Amino acid sequence: SAVISQKPSRDICQRGTSLTIQCQVDSQVTMMFWYRQQPGQSLTLIATANQGSEATYESGFVIDKFPISRPNLTFSTLTVSNMSPEDSSIYLCSVVNPGQGVTDTQYFGPGTRLTVL
Amino acid sequence: QQQVKQSPQSLIVQKGGISIINCAYENTAFDYFPWYQQFPGKGPALLIAIRPDVSEKKEGRFTISFNKSAKQFSLHIMDSQPGDSATYFCAASNSRNYGQNFVFGPGTRLSVLP
Numbered sequence: 001s002a003v004i005s006q007k008p009s010r011d012i013c014q015r016g017t018s019l020t021i022q023c024q025v026d027s028q029v030t031m032m033f034w035y036r037q038q039p040g041q042s043l044t045l046i047a048t049a050n051q052g053s054e055a056t057y058e059s060g061f062v063i064d065k066f067p068i069s070r071p072n073l074t075f076s077t078l079t080v081s082n083m084s085p086e087d088s089s090i091y092l093c094s095v096v097n098p099g100q101g102v103t104d105t106q107y108f109g110p111g112t113r114l115t116v117l
Numbered sequence: 118q119q120q121v122k123q124s125p126q127s128l129i130v131q132k133g134g135i136s137i138i139n140c141a142y143e144n145t146a147f148d149y150f151p152w153y154q155q156f157p158g159k160g161p162a163l164l165i166a167i168r169p170d171v172s173e174k175k176e177g178r179f180t181i182s183f184n185k186s187a188k189q190f191s192l193h194i195m196d197s198q199p200g201d202s203a204t205y206f207c208a209a210s211n212s213r214n215y216g217q218n219f220v221f222g223p224g225t226r227l228s229v230l231p
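Protein chains in written order, with our numbering: chain Y, 1 to 117; chain C, 118 to 231.
You may find that some hints are simply not true.
Calculated cross-link-like contacts (lysine to any residue; reagent style SDA-like; alpha-carbon spacing at most 25 Å) [to be verified]: (1) C:159 to Y:117; (2) C:159 to Y:74; (3) C:188 to C:199; (4) C:175 to Y:107; (5) Y:7 to C:162; (6) C:159 to Y:54; (7) Y:7 to Y:113; (8) C:159 to C:213.
Non-contacting residues of chain Y with respect to chain C, defined by C-beta distances greater than 12 Å in every case (computed) [said to hold, decoys possible]: (9) 17; (10) 19; (11) 74.
Calculated from the structure, these hints are not laboratory results.
Source: prediction; values computed, not measured.
Beta carbons are placed, not taken as given, at the ideal position from N, Cα and C, and that holds for glycine.
Isolated chain Y (complex conformation) (with noise of 0.2 Å):
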């Protein structure tokens, strides 16, 4: 399994303001997801980060406003761009850990809980 952290574990911003979320993993993968949850909600994906090229975003999710990095094969952070009160949410990052040659299990960090004012 793959034990996964983030930083900052919540935040309360203000609006028009970025806040960047960092995701630690303690072993090398290739695929990491971005995600956000509404409260009460499923999960919603918003890109999809491989270390070495851009990361693919999926519809209704921007660059501009999201912006990926992923410097290497444990790390990624996503920025939330001129937040609004709109995109309070839990951010979640996950890593898929490539078993016997398929793409299995994917595993969660904890989340990060922002609240836009």
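For chain Y, the structure is supplied; the task is to place chain C on it using the hints.
For chain C alone, kept in the frame of chain Y given last:
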């Protein structure tokens, strides 16, 4: 075709009872079906998973039943305990398509009464 449907939205069970959550999918390319458990303030944690080559998988009090022809799978929690109170998400993916995103169901909020 990418959607995973999940029901019920919420479930209340007495301690010691059986909790049953159902999911259905459309994409026949899906071949990996995990269930995640999420407690308030925590990230989702993998609970149990199944591949379509078996019809049932049991781990302790948790059992997945899988019906390939109906494209349905369900989670059974036997002898439900108050500590099982959490939100449960089913998911599906195509493990042969490396990079294929996991598709999550909308979640079921389970409350087990003492």
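Here's how the hints hold up against the structure:
1. C:159 to Y:117: 22 Å, holds
2. C:159 to Y:74: Roughly 21 Å separates the two Cα atoms, so the pair holds.
3. C:188 to C:199: 30 Å, violated
4. C:175 to Y:107: OK: residue 175 (chain C) and residue 107 (chain Y) at ~20 Å, within 25 Å.
5. Y:7 to C:162: 18 Å, holds
6. C:159 to Y:54: 29 Å, violated
7. Y:7 to Y:113: Holds, at about 10 Å.
8. C:159 to C:213: 29 Å, violated
9. 17: Correct as stated: the minimum Cβ-Cβ distance to chain C is 23 Å, above 12 Å.
10. 19: Consistent with the label, residue 19 (chain Y) stays out of reach of chain C, its closest Cβ about 18 Å off (over 12 Å).
11. 74: At about 17 Å from chain C, residue 74 (chain Y) clears the 12 Å cut-off, so the statement holds.
Violated hints, listed in ascending order, are 3, 6, 8; each of the other numbered hints is respected by the structure.
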